[in-house]
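Visitor: Put chains B and C on the given structure of chain A with help from the hints.
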Amino acid sequence: MSEAMELKPRPTPAPDDPMAALVDALVDAYDREPVGQAGCAALPPREAIVAVVEDLRRVLFPGIYADESLPRASLRYHVGTWLCDLHRDLGRIVRLSIAHQAPERAAEEVRSEAARVAAGLLAALPDIRHALLEDAQAALDGDPAARNIEEIVLTYPGFEAITVYRLAHWLHRAGTPYVPRAMAEYAHGRTGIDIHPGATIGRRFFIDHGTGVVVGETTVIGDDVKVYQGVTLGALSVSRTFAGAKRHPTIEDRVVLYAGATVLGGETVIGRGAIIGGNVWLTQSVDAGVTVIETAPTLDFRQRGARA
Amino acid sequence: MSEAMELKPRPTPAPDDPMAALVDALVDAYDREPVGQAGCAALPPREAIVAVVEDLRRVLFPGIYADESLPRASLRYHVGTWLCDLHRDLGRIVRLSIAHQAPERAAEEVRSEAARVAAGLLAALPDIRHALLEDAQAALDGDPAARNIEEIVLTYPGFEAITVYRLAHWLHRAGTPYVPRAMAEYAHGRTGIDIHPGATIGRRFFIDHGTGVVVGETTVIGDDVKVYQGVTLGALSVSRTFAGAKRHPTIEDRVVLYAGATVLGGETVIGRGAIIGGNVWLTQSVDAGVTVIETAPTLDFRQRGARA
Amino acid sequence: MSEAMELKPRPTPAPDDPMAALVDALVDAYDREPVGQAGCAALPPREAIVAVVEDLRRVLFPGIYADESLPRASLRYHVGTWLCDLHRDLGRIVRLSIAHQAPERAAEEVRSEAARVAAGLLAALPDIRHALLEDAQAALDGDPAARNIEEIVLTYPGFEAITVYRLAHWLHRAGTPYVPRAMAEYAHGRTGIDIHPGATIGRRFFIDHGTGVVVGETTVIGDDVKVYQGVTLGALSVSRTFAGAKRHPTIEDRVVLYAGATVLGGETVIGRGAIIGGNVWLTQSVDAGVTVIETAPTLDFRQRGARA
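For the protein sequence lines, the chains are A, B and C, in the order given. Residue 157 in the numbering used here sits at position 157 of the first sequence; the count goes up by one each step and never skips. Residue 79 in the numbering used here sits at position 79 of the second sequence; the count goes up by one each step and never skips. Residue 12 in the numbering used here sits at position 12 of the third sequence; the count goes up by one each step and never skips.
Hints in this document: simulated from the structure, not taken from any laboratory. None of the hints are false.
Heads up, the list lumps identical chains together, so a pair's fine if it works in one copy or across two of them.
In the SDA-like style, the derived pairs of lysine to any residue whose C-alpha atoms are separated by at most 20 Å in a straight line are:
#, residue 1, residue 2
1, K246, A145
2, K246, P144
3, K246, E217
4, K246, G142
5, K246, R147
6, K246, D141
The shape of chain A in the complex, shown without the other chains (with noise of 0.2 Å):
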């Protein structure tokens, strides 16, 4: 992948080689409108944010994503070798994006704040391990189908989202620009679920099928809640003025939003134990213990001639 190696063999077009004119267009376009700078101060590539969040997901689980060959007497030995990278490859994608984002800044106090990030959330590793248990736990408990926490780790997709959201939200917190972002768009490719790292969720938080959910920047969800696929839980303005503001709606303790329910608006409270019933629509509070479905709407059943 050394962009420098390529170069001797295929020099670049000649003058008169139609290519020219090509790099010529590109190259003023790439100076017209700027994206991410070519340059030293270039955002880190997505592959090695992509590489990072795998490589915290074997640590975290190396039962299930590490090598089979993995014997446990010499855990311990590949455990630091997986830190001792981590750190740097973690680092060094937090370094870009914050030298990204204030290019005025030394390198050296950058580099320095860059390593006690990756430091502190390898520091957090165990706790963050601990929270998804949990919430591993809580899918066992809410999906018939679950055999056991190993198929979940493996295979559940909600897991997968919550797992990148606490990696991704510890970065949030830490004031990380780019990379928390980067991660939860990684994991709503792979699942469909769209939590982005600045929500508030609370411990044990379970999400069925998932595709197609959405949870908003400045959402806060308590305990125990459970979300099946297709809730929003969104905005009620768009506009730029908001942006700061708390826009998004607060979930409390043990409420249960079934598939397409949609709630909005950073007002917006669905009271501790509330269950929203599927398709549900909602732009009020909710008290707690309350129950809400939507009226059936009236079904028309009509019988056709003679195909089936």
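Guide: Frame of chain A; chains B and C shown alone:
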């Protein structure tokens, strides 16, 4: 990727290294709450399962998935190589999953059962391929945007999901743990279509677009059924006491379920040839030949000021 | 990946090998129901199409997708190398797809047409890049959670889907078979957003969240349109007799379609500046400047016992 190779150049941190405490904390966490046992009885790694799915697709449709330089004359040689490799790789992931579920069983017995399962799936490939080409033909018949069978095999997410389902379902029926579900979640992640490998699905099944489709574990689907994006065939109760019971609906032959339709419950039967309209929510059975549509919800059309 | 290399160490199974019957059964199946002809006229392999998409994204936004060690001074050299490689790789997949569709055409003629198509798309890249940056600006204007253009290019799935659409649409208009649809399905798999490359989409298009969005083949979308997750722009009939006809709606400038809105039919026109509320289901046209919302369905709020 050899873990062992990495040991010498980068040994585990020395005890006075701040990283050492981190290693200890993580290894303690693994011991307190073990998941998938990092050791001899490890689960098959997810990427090994994904590689087997891709290799199965290549041997099913070499004209689509194999490298272009595949001359007809040497096809038998390639297929022989692929099948030998698949027998080994599929056998290995089946063996690891059985050994993980039943660590008390003798290694040799597990190994020979896994080899039998792998050989069985390989022997079933011609029939599975024929069934899949019937599914592709149903897609071609049902989608005016489709140009030919090749385009469907190469590009349709519904076809990808059904391909993985038919492979995973075979393994599910053979009693293989973990692997079928991991295969299904790989397809879910790529397509947004979530078909549990335990579901029973007839011939010429067509899923159009597909994002958000959920087909539960005990669903039974007949022949010539068409399903659009966002259709849920789900359960009414998620109590674990229903594990193993029929919790998901029965869809008889020639039923069409339009986008966003939801059918719930193990005793709900959608009769032969019925048509279920978009967004209809059903927890009751529907007779053969009946069309069900939601009575159009009242829409409110309001002219705004001079904005347009 | 060279298939030919594998032949010597692992020859095809001997006739008395049980694997031989399997090989025969599969090769017979290929012959009985050929798909994509394993041979000279093979379709371009899917991963080659994916690689070209990724290479196109890198040359569009090297500040985001290229390796960090890309000094400004050597940028022209890199771009030249990338474009030469793209001309070859894009030319190859276009050539394979044309040759597969029209096997009767002379190889040299197909080769030169493919080279022309590839050069044409590369020449269009500066304009496509400018259009994409307008799309990114629309996302920045429309989403309070967005921080800057870089974050949108790096992380927004809607931006990823539109990027691939604008590239695939160019190839679709150039008459290239298979490749545009395969590109679109790659983006669909990663983002949950399904835009047919045949759709016509104006400037400053913004898709937020995006999971479940479907934009059909003959849809026409004006400028400054905003679309939220789960919006379907679809067809009323799926009879193959409508292949080629305008089956999908027209969305005029400045229309907003909120989450889950469905607009169906080739003669349905949503007029300039109209706003279509969440979950509204439309098969009729809407005048310019009109807001359409579903009359709030009756919700049933029921206090349960002492559970909360």
